[in-house]
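Novice: Combine both chains into one complex, guided by the hints.
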Amino acid sequence: MKYLGEKSLSSILYGFLYVSWYLLILVALFIGVILSIAMFADPVMEPAVSAFDKMKYELFNEIHKDQEAWNFFTGAPVFFRVMALIFLSGATLLMLTIIKKGQRVFYNFKNNIVFNEANVLVISKVSKLLIIFSILTVNFTSLLVSIILLILTDVFKNGTALQEEHDLTV
Amino acid sequence: MSIIFRLDRVMADRKISLGELANRVEITNSNLSILKTGKAKAIRMSTLEAICRELNCQPGDLLEYQADEIKEK
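Note that the protein sequences, when read in sequence, are chains A and B. Note that the numbering used here numbers the first sequence so that position 110 is 110, with each residue one more than the last. Note that the numbering used here numbers the second sequence so that position 6 is 6, with each residue one more than the last.
The shape of chain B in the complex, shown without the other chains (with noise of 0.2 Å):
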């Protein structure tokens, strides 16, 4: 996937552990696991304004685009 969600990099750098930011933001552990190992399809805007608001960051900290390699035929 082109977009990569750098949860873990934000959260090493606030230094938050996973139980503690999905308490704050008020979603399961599994769910916010999802997010962070890059396995959710979609993020709710409600979801990225509570991370960003806990974490005290803005959306493109977490977000980043990566173009995905050309196959060579």
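Isolated chain A (complex conformation) (with noise of 0.2 Å):
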């Protein structure tokens, strides 16, 4: 299989990380959108004449499954449920940003550019964004993923030097 250029892994890549972002966004102003009326709207005790009652009446019913966690989470100050929000949609606009540079670095590597400045800079912000995100989301797997990107950011600027140094051999 081929990992580089036109129809590679590299392409599939790029067209799954350029659809995911697209999926991304979607889910995110949906779960927002849903989370914000869940938690700061008045709730609706019976259905109600109009539409939007109505879902808000059922999306009660829907998280108000699990009683005790949602309690817990109505129960807590809205400063808390503030920075909750906050909390998600960092935690989501910094997977964008990281599905966008991916997207980047495999755009490059189906054009066939593998070492140049932009993918060796581009890597290595992933990775940053990948360790600031492992730790807002206490995730073990993606702090080691980007432990590796770190590392293979070094690999590609070794790569870089070389392919220059190929490049402007006459």
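There may be inaccurate statements among the hints.
[Said to hold, decoys possible] Below, simulated DSSO-like cross-link-like pairs (lysine-lysine); rule was C-alpha separation at most 30 Å, straight line:
#1 Lys36(B) with Lys157(A)
#2 Lys101(A) with Lys7(A)
#3 Lys15(B) with Lys157(A)
Note that these hints are calculated values from the structure, not bench results.
Specialist: Here it is in structure tokens:
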């Protein structure tokens, strides 16, 4: 299987990241709206006349299934709930940035541009962002991936130097 | 860089154009341009040999060493 160039693993990954970027935006918007309604709107006790109230009622019923967790969350001060929303938005934004940067790397790989300064810079940024993401979400797997990416950055740096030397050898 | 490639001077002496020399040496114009402008990091022995053959000169005519200026603290 081809890893670089047209119709390769890189082009498939580029396509996957391209689609997942838009999907993540849609999912984040959807969850954001639902969470905001559920967290800050007044609960509706019985199906009301308007469609919005009906939706809110169903949503509350759905969320209230896990009564204990929901009580803990709604019982928390407003500041905590706002901070939770900010935290979720921050993590989503971070994920979106990482996906966008990954897209750029795989786009370059797709076009057979492997060892160049731009890729080194992007991979280095992705690894640093992934470290922040793994700390925020307490995710050991992404921390491991970010460390591997950090090492890979150095490999790419050396590769870029060798590529430059090769290109400038006449 | 301390080593300067004096290709432009020798080419002017022999009255040969960049394109013609590139054709004779069988390297691309852009590569010869890299050599001429001093951007090259290394030169293959085969390329140096071909340039010397076509320009009828010695490697010493093409390469020149200039000591770097020592920066004062």
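Novice: Starting from Lys15(B), check that the Cα of Lys157(A) is at most 30 Å away, please.
Specialist: 42 Å, violated
Novice: Please work out if Lys36(B) and Lys157(A) have their alpha carbons no farther apart than 30 Å.
Specialist: 28 Å, holds
Novice: Quickly compare the C-alpha distance for Lys101(A) and Lys7(A) to 30 Å and report which way the hint goes.
Specialist: 20 Å, holds
Of the hints listed earlier, the one the structure fails to meet is number 3.
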